[in-house]
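Residue numbers (my numbering), protein chains in the order written: chain A, 29 to 346; chain B, 29 to 346; chain C, 29 to 346; chain D, 29 to 346; chain E, 29 to 346; chain F, 29 to 346.
None of these hints come from the bench; they were simulated from the model. For each residue, glycine too, the CB sits at the ideal point set by N, CA and C. Careful: at least some of the hints might be erroneous.
Said to hold, decoys possible - Label pairs and their calculated CB-CB ranges:
| no. | chain 1 | residue 1 | chain 2 | residue 2 | range |
| --- | --- | --- | --- | --- | --- |
| 1 | C | Glu144 | E | Gly52 | 47 to 57 Å |
| 2 | A | Glu71 | C | Ile124 | 35 to 45 Å |
| 3 | F | Gln330 | A | Glu314 | 44 to 54 Å |
| 4 | C | Glu144 | A | Glu314 | 49 to 59 Å |
| 5 | D | Gln101 | C | Ser234 | 51 to 61 Å |
| 6 | E | Arg159 | D | Arg159 | 33 to 43 Å |
There are 6 protein chains.
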Amino acid sequence: MAIGKQKVGEIFEGFALIKDVKKGTTSGGKPFLTLVFGDQTGEMEAKLWDSTKEDEQLLLPESIVLVNGEIGQFRGKAQMRINAIRPAQPTDGVHIADFIEKAPVAVEELKDRIMEAIFEMKNPNLQRIVRAFVKKYEENLFLYPAASRNHHEYTSGLAHHIVGMLGLAKGVHDLHPEIDRDLLYAGIILHDIGKLRELSGVISTSYTTEGKLLGHISIMVEEIAQMARELQIEGEEVLVLQHMVLSHHGKAEWGSPKPPMIREAEILHLIDLMDARLNMLGRVLENTAPGEFTERIFSLEQRSFYKPAFSVKTELDA
Amino acid sequence: MAIGKQKVGEIFEGFALIKDVKKGTTSGGKPFLTLVFGDQTGEMEAKLWDSTKEDEQLLLPESIVLVNGEIGQFRGKAQMRINAIRPAQPTDGVHIADFIEKAPVAVEELKDRIMEAIFEMKNPNLQRIVRAFVKKYEENLFLYPAASRNHHEYTSGLAHHIVGMLGLAKGVHDLHPEIDRDLLYAGIILHDIGKLRELSGVISTSYTTEGKLLGHISIMVEEIAQMARELQIEGEEVLVLQHMVLSHHGKAEWGSPKPPMIREAEILHLIDLMDARLNMLGRVLENTAPGEFTERIFSLEQRSFYKPAFSVKTELDA
Amino acid sequence: MAIGKQKVGEIFEGFALIKDVKKGTTSGGKPFLTLVFGDQTGEMEAKLWDSTKEDEQLLLPESIVLVNGEIGQFRGKAQMRINAIRPAQPTDGVHIADFIEKAPVAVEELKDRIMEAIFEMKNPNLQRIVRAFVKKYEENLFLYPAASRNHHEYTSGLAHHIVGMLGLAKGVHDLHPEIDRDLLYAGIILHDIGKLRELSGVISTSYTTEGKLLGHISIMVEEIAQMARELQIEGEEVLVLQHMVLSHHGKAEWGSPKPPMIREAEILHLIDLMDARLNMLGRVLENTAPGEFTERIFSLEQRSFYKPAFSVKTELDA
Amino acid sequence: MAIGKQKVGEIFEGFALIKDVKKGTTSGGKPFLTLVFGDQTGEMEAKLWDSTKEDEQLLLPESIVLVNGEIGQFRGKAQMRINAIRPAQPTDGVHIADFIEKAPVAVEELKDRIMEAIFEMKNPNLQRIVRAFVKKYEENLFLYPAASRNHHEYTSGLAHHIVGMLGLAKGVHDLHPEIDRDLLYAGIILHDIGKLRELSGVISTSYTTEGKLLGHISIMVEEIAQMARELQIEGEEVLVLQHMVLSHHGKAEWGSPKPPMIREAEILHLIDLMDARLNMLGRVLENTAPGEFTERIFSLEQRSFYKPAFSVKTELDA
Amino acid sequence: MAIGKQKVGEIFEGFALIKDVKKGTTSGGKPFLTLVFGDQTGEMEAKLWDSTKEDEQLLLPESIVLVNGEIGQFRGKAQMRINAIRPAQPTDGVHIADFIEKAPVAVEELKDRIMEAIFEMKNPNLQRIVRAFVKKYEENLFLYPAASRNHHEYTSGLAHHIVGMLGLAKGVHDLHPEIDRDLLYAGIILHDIGKLRELSGVISTSYTTEGKLLGHISIMVEEIAQMARELQIEGEEVLVLQHMVLSHHGKAEWGSPKPPMIREAEILHLIDLMDARLNMLGRVLENTAPGEFTERIFSLEQRSFYKPAFSVKTELDA
Amino acid sequence: MAIGKQKVGEIFEGFALIKDVKKGTTSGGKPFLTLVFGDQTGEMEAKLWDSTKEDEQLLLPESIVLVNGEIGQFRGKAQMRINAIRPAQPTDGVHIADFIEKAPVAVEELKDRIMEAIFEMKNPNLQRIVRAFVKKYEENLFLYPAASRNHHEYTSGLAHHIVGMLGLAKGVHDLHPEIDRDLLYAGIILHDIGKLRELSGVISTSYTTEGKLLGHISIMVEEIAQMARELQIEGEEVLVLQHMVLSHHGKAEWGSPKPPMIREAEILHLIDLMDARLNMLGRVLENTAPGEFTERIFSLEQRSFYKPAFSVKTELDA
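This is chain A alone, in the form it adopts within the complex (with noise of 0.2 Å):
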């Protein structure tokens, strides 16, 4: 059963991975638990009334349950409301990974779209600082969302944005041949890599205290200018690499300590965005009818976006 597709109404029962826990106390006194249960499909809040001390215990964060729930509607939003609930044990066959949202795209394919560009590279230092940083981070370079929460945020999300942002470059290079393709697919692959140092991990993602008071911005810049005294590379290269990095948010109010001052990091600033936008607009839509407007997105300024009803019939049609 699916987490996410659930309708006010229905009866949920099935398995789901605890994503967080809260305690709370209702006006009457009585002690209660707010959880949120998630899977591959999306998240829920539920609420487990007359919680025990022994519930509390039982029900940890990022441990999967067996539940069955009735779903009705808090605010606006589906809410379920907990008839039953036990921890799942092994004989129940269940594990973590498959109640994890994931990339649309399978791991191996992210791996080697990413390999393939630098395959494509002919700079020799742009190359080998690429091929150095995905061997160090291999295992999470691939499993890490892209952020916290705003877009790609799901397991592998990260090298999901790099290969969108790839494929957005390389469809500007081929009208602008003059744009340094090497620099801008390498500035793409590092550009995020300092987040897998900014947060905690996988579920329930955080920021770690490095995270918080250098930022992945910064954390990278250091780490290319580290890597390339590993690697003996001295060219001016090592120094634009770090320029990427550290400009591709944009502007100072965004992270941005300078401005994008090369060609290749305005346009990887602005592809970023692209690929950004595109991932949250399409996460919403999605789950947008025809004709209706969406919630607010608080990442893109707030804004209600509308679905236009023709576009669905227009493709009927063809």
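Add chains B, C, D, E and F to chain A, keeping to what the hints say.
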């Protein structure tokens, strides 16, 4: 001889278009003329010292002259000191069209690309509206610049900008086929057509009264409504197309009274930004030596861009 | 009995209009309804605890009910606890119109004042356009509020706002006869007519899709062009009137893609501001005791206003 | 002969007031003087080439001279080239007062209007304070400009501004009799009186040290307190009047440490804005041809205003 | 027992000051009271479920009660559930003064430090004005907090803030003896004295009408003028002192109509900022464990601060 | 003879350093040179009219010349008209170092103060890192200015700035011993060391490519990481020191991608601000007469400062 390629210390002798003329008086009280000469390769300021009443009457903007002058320097820019000058005569066989900067792609090719995009559209309402506008503005659409300055500020600049954006849109659509390509193409072709009424023309482009009081966005939102009425088209496409045009500057401070609230409107805005910036950067960097910074670019937030030296080398080595 | 005059601790019994209904569940899991009751004197929130399915089906927005309830307090605001409630029946002889807040001036008088202003105009182009719009929107122009909230948010609010502005304009013109009064009057009467398409109606006013995607300013700029074509009017008045409407919010951040660039447009903007603020302040201060501060007023930059005690005394002494 | 009416190519011969003098050296190393001449019709820059030590000693600011010069043009503005110049002599019978721009209404009439407004007041506290201030600053109040530039920047400009605002206030009060007219009138008469200490005087107006360090708003808030103590007035009127003055610039960025928090303070701010803008626009448009745009106006956010052609026609037809 | 030191799960029994009381109704419709208890160690919210009319009459703000309750948690903060409560009686021997948070330095010491600074002054005008103010406000100056919240928000907080700033000023003057120490000391002692009229008092501090309409800065600028007149002091010191107070918030958006335009005014602003921030940070970090982040601090731009773990170790090793 | 002390009308004859040279052409078409002369007392612009090719070859930046010229005035600033000029010869016995402005404290003393601070540190990790940096940059650290303009823009300016800040830090720590003094000292000494790579040098200081693309903050964050690796230091001190440097500009718009999130980082930011402002103000006020305003100071938000007259008198009387 090419105005845009002259170097300090050289003597220029040849024909040039007068783009602007201003009268001045030296601190010693003597009259002189400051002219701006131009041809397809660029512009240069020139001084005619000790000018006469007759000079003032003969040397008019938008006329062609034969000029001999010495190239000096003023505030870091090349400036010509005119030795001799006379208006071109019919027997000289020179034509204004040969002295105006043009898009780097032939008009016929620009036309073909736009017609091809219209031909690919499946939504009849969008297709009919777009086709009708291209027919209505057939002449100027392929003649006007996209702006009086900043980007695509040359003959056929508007059509060149449209074609550049269609290319980017195709790339985005290939990666994200869920996007309504017809809507995006329609938005791209129409988004700046209001400039044909906002701007005065091709040479010495300025703003019309209508352009100043309403702006090209409001002009076009109104034209779409009128065209739809003329074509007796009533679907939601009309409203959505108007919104595409209305919101393409992205936010209120930049001239769009409504921000993009449709996915394709958001993409239109980002593609517009990207094509304009690629055009500006391309033109500036073409005249910048590797390893140097450009001058500050007004419409890129006064940034000065660096042209890495290694890109050239990689290219040569390849 | 008057909803807007109830005090904490009293029992309300009488008819009221349901302006909004929302379903909720107590933290103990029991269903209840939150209603907003209204009549010509104001609004009040009410709670119907332990509501039934039947309640949900009977108690619909925009219907009238007979209700008995106790007035309590919640977060500093009066709130009714419903004891008994039933839908009004035909035999009750109550009409929706009697429960909606109205402008403090009779519709007929508002009509007279606007017609009088049109009659005074000497410029035939302006006069014909304005007259045609008043005829076209005859019904709604005197029915709609001027906004969904903030100022003149009651039946005939738009016409009341227009008449208030005409009064201020007359005063300004008397002092500065060099102002083009016809143009100013025309701008005042037309400036917000786009709201008749932007807003959904009179009760529970919300935004239409067209209103969200284009906004009342762009809607009206387009309507003026169309009306002029229909009336075959071609003078500069059309462009200038469009600019008056386009610029009346004063600056880009407030929704006007062009700032006022004509004297009368600047005055229109300032008079609009003044009439809206006088309306808001008048309504809030009416319910504020001398020597007290009002609540923070959202659309007056969250300011809280003080009502001096001496004004009343001076008045009484006079 | 009128300085402000000279046209390029004419010869000016007549008396003028020297408003400013600066010494310069040509790039050829020769001394010259740049003077600003003025009379009641306007100002003009002038150059005295090859000036002598004696010239420097004789041609002093705020003195009158007899001058003969040719009107040329410099950067789009008229500029005089001086042929002959000598200081005015007692026998010339010219007086500084005849060369300074004045309010277009006679001082006596301005006085009458202000006294009339005071006479209409019923609140004795407000009336006594206002009367005392008018008495205290009797001379300068009817002499000073309202600002060193921007609006009402001429002799009696302050009183002219007050009278303009009183007219607008009367109009607003007639429509909204619930407004405390006495308070509004008091606020209007006092709001800018601090400028009598902030500004240096009537000719070549600059800021005093006190004006720079405290500003006219703080100066006046303090004066009201002191005046009330002298008159032994203790009611809330004192505090409220101080607030009226304190908040009349509308918000912190514009110099008011508190925004208007009383209805009449809000109206004072809006009326101040309207009278200042009407004054600026009126003066600029008077010198603009129908169908033309004005120059950019600094204190109207650098906007350039259009003067419609049809207003004039309507007037003529009427 | 200490309110500020209670931990979740404990039972509190002891006296406490009621700082605030609000009535509420549960979603089940039952009345309850929300109280804020305080003593010298801090504050805590408490709930009295099923409260009676009698409770409402007895449990008043600024009274002391004997309370027994269980410490639970609500939204991450400790909250007491009241078991039993009664007003304190004369025989209980408790005094309000013992329940109010105090500056960590004795009032006598604060007085000594301020008098010492005055004693050191050599400029007789500055010294006499400052001495007169300290005498005039003798009582409240050593009683009031420096603000209603944010920093130094406890009894004698204002004097504590002054003394902290005098310490910093001394350090700056030692390094830069060219600074006018008398002026800086005078500015420090007077800068916030307007708060004695802006704020309502020591317990449950709120803003007075005068405080809201004028603010402590304008109040004090005026008081300085009045005091100087009373003392018949006329030197430039008066104007300069007024400017020190007027500009000490640093810029218009922060409440200073003029920015600092005198060296000592600039230093006063910076020292004010530093002492306030040191106070806020010190108090928050005291309650934060090494290696942890604080909650977001409202008046430090919502920043959350990290307390390094190593500082403690270094200290212990030392 | 001192360049910075020359008065209008005097003749200067002596040696000077050429800091800048630009070629120009008079409006009459003749070549001239504009030079900037400097010595330890200041700078002055100079004109060499009718310059020759030989002049251009001999008069090079960063060379010393013997010059005779007359001091005139241009736009309110002193300007020299050169009568005679020749390059200095070995036999003249003049040295560049004698013509460059220096910190007002001897380098040896600056060194002593910094070493003393390092010696006082108890935290071995912080101490070793700081000591290593002082050793690494031994030469330039005591040679470079702290900025290319604005504050401490003279030889040894960086070290002078560090020492000024250490003095302020000591004062703050004495009053607030809970502050981690070692961390604060370390942050102060390292915070601007990145400028040794950001700036080009001591004379005619400009920005390096690295300085433009990365900035001194990012450069130093990276250097700290590298230094810690070299010294094999791994404690939290490294991360915290990096944060100190990263955040010392206070907010994103001022170049710090993270705001201060550690108490000592906040203090570092405030002390940096205070020392820079004291330095700027001190230097400007030194050349301002009592009772006068300074020119507008660019990096103090274009403010003009007043120098009270009474401070001097108090000093004299003392």
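Okay, the hints, checked on the actual structure:
1. Checked against the hint of 47 to 57 Å, the pair Glu144 of chain C and Gly52 of chain E passes, with Cβ atoms roughly 54 Å apart.
2. For Glu71 of chain A and Ile124 of chain C, the Cβ-Cβ distance of about 42 Å falls inside the hinted range of 35 to 45 Å, so the restraint holds.
3. In this structure the supplied range 44 to 54 Å holds for Gln330 of chain F paired with Glu314 of chain A, their Cβ-Cβ distance being about 52 Å.
4. In this structure the supplied range 49 to 59 Å holds for Glu144 of chain C paired with Glu314 of chain A, their Cβ-Cβ distance being about 56 Å.
5. Look at Gln101 of chain D against Ser234 of chain C: about 59 Å separates their beta carbons, and that is inside 51 to 61 Å.
6. Between Arg159 of chain E and Arg159 of chain D the beta carbon distance is about 37 Å. The supplied range of 33 to 43 Å therefore holds.
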